[in-house]
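Student: Counting along the sequence shown from 1, when you hit position 53 you're at 53 in my numbering, and nothing is skipped either side.
If you are wondering where the hints come from, they were derived from the structure by calculation, not from laboratory data.
Every residue gets a Cβ at the ideal spot worked out from N, C-alpha and C, and that includes glycine.
Treat the hints with care, since some could be wrong.
To be verified - So the derived label-pair ranges between C-beta atoms look like this:
| # | residue 1 | residue 2 | range |
| --- | --- | --- | --- |
| 1 | V58 | G33 | 29 to 37 Å |
| 2 | A14 | L60 | 17 to 25 Å |
| 3 | E62 | T38 | 42 to 50 Å |
| 4 | D46 | V22 | 18 to 26 Å |
| 5 | I20 | Q50 | 16 to 24 Å |
| 6 | R6 | L60 | 29 to 37 Å |
| 7 | I20 | E49 | 13 to 21 Å |
| 8 | C19 | E62 | 17 to 25 Å |
| 9 | R6 | G70 | 21 to 29 Å |
| 10 | A65 | R6 | 36 to 44 Å |
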Amino acid sequence: MAMTDRTPPASVRAVLTPCIGVCTLDPAGYCDGCLRTTDEICDWLDMNEQQRLHIMNVVLPEREARLAQGGLVGSQG
1 MAMTDRTPPA SVRAVLTPCI GVCTLDPAGY CDGCLRTTDE ICDWLDMNEQ QRLHIMNVVL
61 PEREARLAQG GLVGSQG
């Protein structure tokens, strides 16, 4: 039987991630590369796409803005 649906099964689809391969945590517990917390990194594959997109489109840009203003240290969230 010919396969007509070219969408790969969920088990082999790529998972959207902000990871850039700079995987070290700062003293406050944020990744130096993607600004995720340890919990977010550990839970990433268990999150649904909507949860991951919320973190990438809302949470991480807010953290990046706070970091630019020097306000990330010691305040996870």
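Student: It remains to establish, for every hint, whether it holds in the given structure.
Tutor: Results of checking the hints against the structure:
no. : hint                  : result
1   : V58 x G33: 29 to 37 Å : 19 Å, violated
2   : A14 x L60: 17 to 25 Å : 19 Å, holds
3   : E62 x T38: 42 to 50 Å : 18 Å, violated
4   : D46 x V22: 18 to 26 Å : 23 Å, holds
5   : I20 x Q50: 16 to 24 Å : 22 Å, holds
6   : R6 x L60: 29 to 37 Å  : 31 Å, holds
7   : I20 x E49: 13 to 21 Å : 20 Å, holds
8   : C19 x E62: 17 to 25 Å : 18 Å, holds
9   : R6 x G70: 21 to 29 Å  : 48 Å, violated
10  : A65 x R6: 36 to 44 Å  : 39 Å, holds
Violated hints, listed in ascending order, are 1, 3 and 9; each of the other numbered hints is respected by the structure.
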